[in-house]
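Residue numbers (the working numbering), protein chains in the order written: chain A, 1 to 366; chain B, 367 to 443.
FYI, nobody ran anything at the bench for these hints, they're computed from the structure.
Only a predicted model underlies this, so the values are computations on that prediction, with no experimental measurement involved.
Backbone N, C-alpha and C define an ideal beta-carbon position, used for all residues, glycine too.
Among the hints, erroneous ones may be present.
Said to hold, decoys possible - Keeping only pairs whose Cα atoms sit at most 30 Å apart, straight-line, the calculated DSBU-like set for lysine-lysine is: (1) LYS410(B) <-> LYS296(A); (2) LYS149(A) <-> LYS410(B); (3) LYS314(A) <-> LYS425(B); (4) LYS241(A) <-> LYS405(B); (5) LYS412(B) <-> LYS241(A); (6) LYS149(A) <-> LYS405(B); (7) LYS226(A) <-> LYS410(B); (8) LYS412(B) <-> LYS289(A); (9) LYS226(A) <-> LYS412(B); (10) LYS315(A) <-> LYS410(B); (11) LYS410(B) <-> LYS233(A).
What the hints assert, rightly or not - Which stretches of chain B does chain A cover? Using the computed rule of at least three CB atoms under 8 Å from a CB of chain A, they are: (12) 371-384; (13) 408-422.
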Amino acid sequence: MMSRYNRHIILSEIGQLGQDKISNAKVLVIGAGGLGCPILLYLTAAGIGTLGIIDFDVVDITNLQRQVLYGKSSLGVNKAIAAKARLEDLNDSISIIAYAEQLTYKNAIALFNEYDIIVDGSDNFETRYLVNDAAIITNKPLVFGAIYKFEGQVSVFNYNNGPTYRCLFPNTPAQDNIPNCSEIGVLGVLPGIIGSMQANEVLKIVLGIGNILSGHILCYNALTCKTSTLKIKRNETAISKVLKTEENFHNTKMEVNCETEINTISIHDILTKDNIQFIDVREAHELPKIEGLNVKAIPLGDLENNLHEISTAKKKVLFCQSGIRSKRAVLILQRANITNCFSLKEGAKEIIDTYKVFKTAQKNES
Amino acid sequence: MQITIKYFGQLTEITHIEEETLEISGTYIFELLETLYRKYNTLKTKDFQVAQNQELVSKETELTGAEIALLPPFAGG
Numbered sequence: 001m002m003s004r005y006n007r008h009i010i011l012s013e014i015g016q017l018g019q020d021k022i023s024n025a026k027v028l029v030i031g032a033g034g035l036g037c038p039i040l041l042y043l044t045a046a047g048i049g050t051l052g053i054i055d056f057d058v059v060d061i062t063n064l065q066r067q068v069l070y071g072k073s074s075l076g077v078n079k080a081i082a083a084k085a086r087l088e089d090l091n092d093s094i095s096i097i098a099y100a101e102q103l104t105y106k107n108a109i110a111l112f113n114e115y116d117i118i119v120d121g122s123d124n125f126e127t128r129y130l131v132n133d134a135a136i137i138t139n140k141p142l143v144f145g146a147i148y149k150f151e152g153q154v155s156v157f158n159y160n161n162g163p164t165y166r167c168l169f170p171n172t173p174a175q176d177n178i179p180n181c182s183e184i185g186v187l188g189v190l191p192g193i194i195g196s197m198q199a200n201e202v203l204k205i206v207l208g209i210g211n212i213l214s215g216h217i218l219c220y221n222a223l224t225c226k227t228s229t230l231k232i233k234r235n236e237t238a239i240s241k242v243l244k245t246e247e248n249f250h251n252t253k254m255e256v257n258c259e260t261e262i263n264t265i266s267i268h269d270i271l272t273k274d275n276i277q278f279i280d281v282r283e284a285h286e287l288p289k290i291e292g293l294n295v296k297a298i299p300l301g302d303l304e305n306n307l308h309e310i311s312t313a314k315k316k317v318l319f320c321q322s323g324i325r326s327k328r329a330v331l332i333l334q335r336a337n338i339t340n341c342f343s344l345k346e347g348a349k350e351i352i353d354t355y356k357v358f359k360t361a362q363k364n365e366s
Numbered sequence: 367m368q369i370t371i372k373y374f375g376q377l378t379e380i381t382h383i384e385e386e387t388l389e390i391s392g393t394y395i396f397e398l399l400e401t402l403y404r405k406y407n408t409l410k411t412k413d414f415q416v417a418q419n420q421e422l423v424s425k426e427t428e429l430t431g432a433e434i435a436l437l438p439p440f441a442g443g
């Protein structure tokens, strides 16, 4: 019988020896979303011997526009679990391990130690810096990919003493610069392109062929079809700073949505809007505006300096566009020992839909 | 000197242009940035790195290049 890897094996650059290297490789993919799907599909098809998938999220209908591992039957299922089921159908001769949990400072080091190569398909800066720092500490090559609307970035970090993500961007961007809350669109095929480039880098590292995208970041624009490759230098200061965190790494807390319990509430569970102080933590320019409710607007970045404006008596519901920044905001209040505050699971739009409060203020009935 | 400046990602939402050529009089990268901040007010609130002739450099680097690129970090996946 012809081997399923025949088209690899007949390439002189790969051969049976190369295919054996692929079969012996252990690769961990962080996130089974837009980037994770093509990465996982191609690495599974290529026969990567051990493939780890970590994702805590579940599949929803808006994922199907680009997350090509999933179909209607995966809706509501954890992504790591759903991905494993689909990938095992594609190739049952490899070992696929699903971790249906969040990557944290607590579990990252032990997990990374189990693998040869780490692939970042995450969707937020906090996880990206965690992945980068854990890759430095465990000394694993990191195949990086990130997307924004119609543009993508690809690089290989920490490869043969090459630069890391912190050599490129030393610090997590300022909080109000993190555009992860309001829904940002993305061209569905873009993560397919960028994720496939990441899978390609993984195979080149495993096989030891070609030029690895280390020391460079490739920027791709899907609208113009232009690519720019920019050179990155290793920054020893940034790397040694990370290495110093090794001892206490597992104790570092994620800022949002994991180890710290943050009180959240759904708009549908708010029994009465009376006696609630709504706090809008969005920037002043963000729409839609809400009028006719007891809303205090304090952008997230100004919250710490305006704690005196927050009612201590009333129940406080903090909101933004989709419930991410408001979690950070609740965390700030909790640290300031302000109790009875909740992060709204939904966003401004759902408040308007529920209470029909928009622009023209309702008459105050009291 | 004539310098071509390229903008990536979120930055193009401020500049409404992906590339432009400007006459720049400064000696250092940060002087070029000051010129750009005057032109695009909100640019200075954004995180980005600067590449000169396709090589990432610090803002204190001498301006020698014909091409400058401003690269913001992307989080999406």
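Structure-based check of each hint:
no. : hint                    : verdict
1   : LYS410(B) <-> LYS296(A) : holds (28 Å)
2   : LYS149(A) <-> LYS410(B) : holds (21 Å)
3   : LYS314(A) <-> LYS425(B) : violated (48 Å)
4   : LYS241(A) <-> LYS405(B) : violated (36 Å)
5   : LYS412(B) <-> LYS241(A) : holds (24 Å)
6   : LYS149(A) <-> LYS405(B) : holds (25 Å)
7   : LYS226(A) <-> LYS410(B) : holds (26 Å)
8   : LYS412(B) <-> LYS289(A) : holds (24 Å)
9   : LYS226(A) <-> LYS412(B) : holds (23 Å)
10  : LYS315(A) <-> LYS410(B) : violated (37 Å)
11  : LYS410(B) <-> LYS233(A) : holds (24 Å)
12  : 371-384                 : holds (count 5)
13  : 408-422                 : holds (count 8)
Violation of the numbered hints given earlier is confined to hints 3, 4 and 10; the remaining hints are satisfied by the structure.
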